[in-house]
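Those sequence lines, one after another, are chains A and B. Numbered continuously in this note's numbering, the first sequence closes out at residue 156. Numbered continuously in this note's numbering, the second sequence closes out at residue 484.
Treat the hints with care, as some may be off.
Using C-beta positions, here's what the derived DEER-type ranges look like [what the hints assert, rightly or not]:
no., chain 1, residue 1, chain 2, residue 2, range
1, B, 337, A, 99, 46 to 54 Å
2, B, 375, A, 145, 55 to 63 Å
3, B, 450, A, 26, 37 to 45 Å
4, B, 206, A, 141, 53 to 61 Å
5, B, 198, A, 145, 57 to 65 Å
6, B, 216, A, 103, 23 to 31 Å
7, A, 88, B, 290, 34 to 42 Å
8, A, 102, B, 266, 42 to 50 Å
To give a feel for the contact side, a few chain B residues facing chain A, derived at Cβ under 10 Å [unchecked claim]:
no., residue
9, 232
10, 289
11, 349
Just so you know, the hints here were simulated from the structure itself, not pulled from any lab data. Heads up, the beta-carbon is just placed ideally off N, CA and C, and yes, glycines get one too.
Here are the chains, one letter per residue:
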Amino acid sequence: MIERLCGRVAGAALLAVAGLLLLDVLGRAAGHPLFGAQDLAEMAMMVIVFGAVPLLQRPDAEGRDAQIRVDLLSWIMPPALRRGVDRLSSMLAALIWAALCWTLCDAAALSSLLSLSSNILGLPRAGFQYLMAGFVALAGIGAMVRAVSPMGAKNG
Amino acid sequence: MKMRMRLALVAALFCAAPICAGVSAETLKFAHFVAAGHTLTQAIVTPLTQAVAPTGLVIETYPAGKLGAGPADQYVRVVQGVADIVWGIPGYTSSQFPLTMLTELPAVQPPGMSGADFLWNGWDAGLLAREFPATVPLALWTAEPAVLIVRGAPVRTPADLAGRKIRVSSAITARVVETLGAIPVQMPAGDVYNALQTGLVDGLITGSSAISDFRFDEVLSHVTVGIPLGNQAFYVVANAKRVGRLPQAEQAALRAAGGRDLSRRAEAAWNARGQAAIAALRGRGPDVVTDLTPEGRAAFDALLLPLTQKMVADLHAQDALITMRGGQ
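So here's chain A without its partners, still in its complex pose (with noise of 0.2 Å):
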């Protein structure tokens, strides 16, 4: 549910891009280009590429989350011992996604001390970085989920 909506906020992000430099595109060529475009353009980036990062640990129907694996040994591997690195390797996902989170948070409230915000619409770059570290939060919070949760042997 909460993958979905996330999903739903980057592809909406996503499109708005498309249109936001279509419209630049054709203001420019009619001389009147849209102001702050490219304000606009990375802070929607920002939402996209933020967005779609809990969607990593939505499982699909076998169960297998969007992570990239390599498999090369676990074919010598008993199920247990699969099932066990399986959860190990959500365990440290969901450390590193910690750690972002927290970089984040920590860039967030260096943007409020610096009052930071773009450059030609003044858009508050701290309110930016803690949706990203929202959904950052959110990607941990699916791979802990997913480490103590109980696997099929589709999993290993």
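Please arrange chain B on chain A, whose structure you already have, making use of the hints.
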């Protein structure tokens, strides 16, 4: 037993040597984003490095974005400790520097006053402290007066700019361009050469020293000088915590090396470079550089001076401006 004692002594000396060496030779990382041969080196880096050298303090330079590319995140880098000293341009993060950015407003500096003095007046009065948190400013100055670079017909009056697309990098320049009847187009500095060449934009506002930095002389048709377009501000700041951890003598030497005098000298170097760029363009032909007539200047003043007043009023910065102008 004696042998063991000797071995222990040798091991202790071996371990202590680098620690002692570290104490006696502090090193600060100076990061910037231009090539080592840029004016910044002779105007700021070399004088600063030489001034602190007798105390044993070493300043290592990381040019050309070695510690991170571009000017926009320089302040964040120094606060986070990625670098100890950085050179930055307030215009790229103008929301952080509302009063520093006053220098970009048309005709805001009194005639004869340097941008360095304008900014240090603000710093000494405590007006700019909020704009430079967690750092120690070592130099604050401005570039040479901005000029208008265009491709196509020369600009002698505001009417010549009507409907033309002018590249802008900050909200203030965008307001200036709109006020002059032109269309502001936002784009990164690195894209401007191609945009000017292909006609995506018809011109830009920048300091004349940027003409050679970005090779605009290859694609421009005319440069108009004398329009009151303000001056781009610069800063060199050091991480306050890092400076506070330096030994007293080194800290004092660094603080003494920075300040108003270093800033004035840097500004003089920028002005000389800008004048050289304009002189080189004059050498290309009689009509490349357009000097405004008194009537032309009056027409620009009539539009731009009220804009300055309005923007200062919007910022509630009237009192600050008087202080920064030295009471004028």
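Status of each hint after checking the structure:
Take residue 337 (chain B) and residue 99 (chain A): their Cβ atoms lie about 51 Å apart, and the range 46 to 54 Å holds. Range check, residue 375 (chain B) to residue 145 (chain A): Cβ separation about 56 Å, and the 55 to 63 Å hint holds. Under the hint 37 to 45 Å, the C-beta atoms of residue 450 (chain B) and residue 26 (chain A), about 41 Å apart, fit the expected range. A hinted range of 53 to 61 Å for the beta carbons of residue 206 (chain B) and residue 141 (chain A) is consistent with their spacing of about 55 Å.
Against the hinted window of 57 to 65 Å, the Cβ-Cβ separation of residue 198 (chain B) and residue 145 (chain A) comes to about 59 Å, which satisfies the hint. With their beta carbons about 26 Å apart, residue 216 (chain B) and residue 103 (chain A) fall inside the hinted range of 23 to 31 Å. The hinted window of 34 to 42 Å between residue 88 (chain A) and residue 290 (chain B) holds, with their beta carbons roughly 40 Å apart. In this structure, residue 102 (chain A) and residue 266 (chain B) meet the distance hint of 42 to 50 Å, their C-beta atoms being roughly 48 Å apart.
With its C-beta approaching chain A no nearer than about 6 Å, residue 232 (chain B) sits inside the 10 Å limit, and its interface hint holds. Taken as an interface hint, residue 289 (chain B) checks out: its beta carbon lies about 6 Å from the nearest beta carbon of chain A, inside 10 Å. Using the Cβ-Cβ criterion of 10 Å, the hint placing residue 349 (chain B) at the interface with chain A is not satisfied: the shortest such distance is roughly 17 Å.
Hint compliance for this structure: hint 11 alone is broken.
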